[in-house]
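Listed here are the chains, written in short residue letters.
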Amino acid sequence: MSSTALAHSLPTSGDALRFSFPRSTRPPHSVSFRPRPAPLHLRSALNATVSDTPAALSFYELLGIPETGSLLEIKQAYKQLARKYHPDVSPPGLAQEYTQRFIQVQEAYETLSDPSRRALYDHHVASGLHLAFAARRHSRFDEEMEDRGEWKNRWQSQLSELKRRSVQKECADDMSWGARMRRERNGT
Amino acid sequence: MALNTLSFCGSLRKGVGSDAHSNRLHGVDQQCHFSFKAKRSSSGICASSSKRGEYFSEKPPTPLLDSINYPNHMKNLSLKELQQLADELRSDLIFNVSKTGGHLGSGLGVIELTVALHYVFEAPQDRILWDVGHQSYPHKILTGRRDRMPTLRQTDGLSGFTKRSESDYDCFGAGHSSTTISAGLGMAVGRDLKGRKNHVVAVIGDGAMTAGQAYEAMNNAGYLDSDMIVILNDNKQVSLPTATLDGPSPPVGALSRALSRLQSNRPLRELGEASKGGSMHELAAKHGRGLMSGSGSTLFEELGLYYIGPVDGHNIHDLTTILARVKNTKITGPVLIHVVTEKGKGYPYAERAADKYHGVSKFDPATGKQFKANARTQSYTTCFARALIAEAEADEDVVAIHAAMGGGTGLDLFNHRFPTRCFDVGIAEQHAVTFAAGLACEGIKPFCAIYSSFMQRAYDQVVHDVDLQKLPVRFAMDRAGLVGADGPTHCGAFDVSFMACLPNMVVMAPSDEAELCHMVSTAAAIDDRPCCFRYPRGDGVGVELPPGNKGVPLEVGRGRILVEGERVALLGYGAAVQSCLAAAALLEPHGLRLTVADARFCKPLDRALVRNLARTHDALITVEEGSVGGFGSHVAHFLALDGLLDGNLKWRPLVLPDRYVDHGAPADQLTQVGLTPSCIAATIFNILGSWKSREALEIIFRN
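Sequence lines, in order, name chains Y and F.
Position 179 of the first sequence, counting from 1, maps to 179 under the numbering used here, and the rest follow consecutively.
In short: position in the second sequence from 1, add 1000, done, that's the numbering used here.
Some hints here could point you the wrong way.
[Unchecked claim] The list that follows gives simulated cross-link-like pairs (lysine-lysine, DSSO-like), each with its CA atoms no further than 30 Å apart:
hint: 1; chain 1: Y; residue 1: LYS163; chain 2: F; residue 2: LYS1470
hint: 2; chain 1: F; residue 1: LYS1327; chain 2: Y; residue 2: LYS169
hint: 3; chain 1: Y; residue 1: LYS169; chain 2: F; residue 2: LYS1330
hint: 4; chain 1: Y; residue 1: LYS163; chain 2: F; residue 2: LYS1369
hint: 5; chain 1: Y; residue 1: LYS169; chain 2: F; residue 2: LYS1236
hint: 6; chain 1: F; residue 1: LYS1075; chain 2: Y; residue 2: LYS163
hint: 7; chain 1: F; residue 1: LYS1236; chain 2: Y; residue 2: LYS152
hint: 8; chain 1: Y; residue 1: LYS152; chain 2: F; residue 2: LYS1369
hint: 9; chain 1: F; residue 1: LYS1327; chain 2: Y; residue 2: LYS163
hint: 10; chain 1: Y; residue 1: LYS152; chain 2: F; residue 2: LYS1075
hint: 11; chain 1: F; residue 1: LYS1327; chain 2: F; residue 2: LYS1345
hint: 12; chain 1: F; residue 1: LYS1362; chain 2: F; residue 2: LYS1550
hint: 13; chain 1: F; residue 1: LYS1372; chain 2: Y; residue 2: LYS163
hint: 14; chain 1: F; residue 1: LYS1327; chain 2: F; residue 2: LYS1099
hint: 15; chain 1: F; residue 1: LYS1650; chain 2: Y; residue 2: LYS163
hint: 16; chain 1: Y; residue 1: LYS152; chain 2: F; residue 2: LYS1080
[Stated by the list, open to error] Computed far set for chain F versus chain Y, every beta-carbon distance over 12 Å:
hint: 17; residue: SER1067
hint: 18; residue: GLU1081
hint: 19; residue: LEU1193
hint: 20; residue: LYS1194
hint: 21; residue: ASP1227
hint: 22; residue: THR1244
hint: 23; residue: GLY1247
hint: 24; residue: GLY1333
hint: 25; residue: GLN1378
hint: 26; residue: HIS1464
hint: 27; residue: LEU1502
hint: 28; residue: PRO1503
hint: 29; residue: LEU1649
hint: 30; residue: ARG1652
hint: 31; residue: CYS1679
hint: 32; residue: GLY1689
Derived from the structure by calculation, the hints contain no laboratory data.
All C-beta atoms, glycine included, are put in the ideal place defined by N, C-alpha and C.
With the hints as extra help, turn the sequences into a complete structure.
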């Protein structure tokens, strides 16, 4: 079961992302990418300088992808931008800004590459992310109502994940007792 | 407050008599103050309510529920109709329990869940299990037993818990908690072995989750990976009641905190407020992190159950959506759906009460007032609590331990007086016993108050951790003997047998409340070995209590003779002594003077007393409200070894029969098992050979 838990946090691709994604914002020590031509919309992100106010950008804008971007697009964008903003390759004098941008890009990737986190993020963007600027005090009731509003998002994505796992369980070489009985029952 | 909705649709007239009809119109004219939270007002609510009442005083019509006898009648209902059905089911439950008494709060909390389960699944092929079973009344109503609800918890009536012999829809009998996941897993594995395709759904509460067996089951379920659904019914209620005498209290245990964390988005909110004006995506990045998998869900995930939730347990749409999706997913393995409900939901008095109307006697639905008969005397439970408080005042080493039963054991009183010396461990009897053993090692004097039938769960701990090491733990076993409406699952039939066979245990039983106070004192004084005492459910006989309920330690191993007589001796143990006294009183006017003795101790037995009785009487009858293998057997064992059976002595044991006694009124049960005074008298006549005399028959049948 632990392999599926990890699947939430690690990229599921088998290609050349050789470093892990720590929960902290420390940049990784070594990076290696397979270079690929950047798609058109990404080039604007690449060309953006760090002087563009990052606070105004959403994760999608930061990565330079549309909000309907697929996981592959997200990964590609991330790779390109990480390569660009990695502190080791930053122009002199801009190391600090580049590092900050790198961290932001990494956080954007972490959120958007996880389907359930992405769903939550999308929901908050749609509702204006007013929490960031909430000046009013939330009453306990408000909090509870907000909590309940979040619940539906959570379980909806959990149900999708369950479906995905079901398909995976069918194909996988699952040797649990239950899996063996299911195979017997289905005559496979 | 104005009435929310009042509609006079045709269906109303069908079900309601003309009197009620005119009342209804009258009520409208009067503008009765009726505050009723009608979230989803079902069409056709007839609000014939008393003034100032917060609920109906007459049962509203239930047209939809009337048309449903079994779950398959529900299959074509729309969502709106399901919601209406839930409302009708709720009022049906309240009105039924108001007439019979029983468990209310828990059933109210699972109305929507019950409707959703029966709508989505195909019982009885699909197995639906209810942990403990006290929340299964709505389930019973929907599965063909609605017409028998007036017989609930009565002799020959519906059981207050699930019971396999009662209905095909009750897959597994329950009464004690935390067994459902284990049983459900067994049913799932059995299904797999047999090649069947039905579903298995086990509903268990967050209180029951504090018991170890739930984890044993989940651990195994995760390993076997068989398809099954566990529904965690989380209403933040662990103990009964989840409140002290001083007001509501948080549920005991660390698990409840973890489950609460799962429900809240607090980390996000705190971040949001802390970083006002901070960068948007810094915040956004942080709020995605660590939120989806709260610290609790990983517990279930690590055990191998797929976690879904939290889910609003009173939203039928959400419930049916999720259940249907899970049902239709081909392979799931074990899935845990975390459903959040409110105990007592939908009945304002229950929602507000500290005990959420967990168990009620008959009550008035409109006002919520329970009809409690005024007891002449103190209950044994209260007497015990007061006696223990008195001991604790004198000795600061006395502490009390119970397993989520503060109300039932009376230790709520003890907790009120000594909050730091009362330990509620949650539903964990095994832990309670070993915990007490550990306390005893350090010189503390622990009193474990656990019902006789719940003590069964902790038996190995009693034997291995307490008795074997001769640790001075005191066991106070309430609900010994027959218990009436709760039935065999709560009946304390076996404690004498299983305690008295332990080498180091002192086993005693009081015959009245005053004796109970003395035995609490005796228990506190016994400091070199474990001891236990048992007392029944119900009220005492009304003897004078020692001042301040503080008893005096008895001499261990000494009984007493209450009535001096001849020819026949009745040696009673525990509350049965009262029946013996009553039997003697029955026979006295007819020239038979019986000797009545109170053994007080089963272990060590008062040998001198028994020898004396055996030598000076023709017949010796032992009476106890316990199974075979208990007090009577110990007496017989001694008589045999002492050679007292080698003469002309006639010895007879009166014990509970070798079968489980169904729920019913206590008086009915006693008659059934033959332990009433007249049954004892009948036994005496039998021995004396004079049972055919007219006099004898008169005495027996008149009483």
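message: Y/LYS169 and F/LYS1330 were given as a pair; does the straight-line alpha-carbon distance stay at or below 30 Å?
response: holds (10 Å)
task: Please settle this one: F/THR1244 was flagged as non-interface, so is its CB more than 12 Å from every CB on chain Y?
output: Given a closest Cβ separation of 22 Å, the condition holds.
query: Is F/PRO1503 truly not at the interface, in the sense that its beta carbon sits beyond 12 Å from all beta carbons of chain Y?
result: holds (42 Å)
- prompt: Given the proposed pairing of Y/LYS152 with F/LYS1369, does the C-alpha separation stay at or below 30 Å?
  reply: Violated. Y/LYS152 to F/LYS1369 sits at ~38 Å, over the 30 Å cutoff.
query: Is the Cβ of F/CYS1679 more than 12 Å away from each Cβ in chain Y?
result: holds (53 Å)
query: Beyond 12 Å from every Cβ of chain Y: is that where the Cβ of F/GLY1689 lies?
result: The assertion about F/GLY1689 holds, with a minimum of 65 Å to chain Y.
query: F/LYS1327 and Y/LYS169: Cα distance at most 30 Å?
result: This hinted pair holds, its Cα atoms lying about 16 Å apart.
query: Does F/GLN1378 really sit off the interface, with its C-beta more than 12 Å from all C-beta atoms of chain Y?
result: holds (41 Å)
Proposed proximity, Y/LYS163 with F/LYS1075 (alpha carbon, max 30 Å): holds (25 Å)
- request: Beyond 12 Å from every chain Y Cβ: check whether that's true for F/GLU1081.
  value: Correct as stated: the minimum Cβ-Cβ distance to chain Y is 22 Å, above 12 Å.
field: Pair hint Y/LYS163 and F/LYS1369, alpha-carbon separation not exceeding 30 Å
entry: violated (49 Å)
Agreement of F/LYS1327 and Y/LYS163 with the hint, judged by alpha carbon distance not exceeding 30 Å: holds (11 Å)
Checked against the numbered hints given earlier, the structure breaks hints 1, 4, 5, 8, 12, 13, 14, 15, 19, 20, 21 and 24 and satisfies all the rest.
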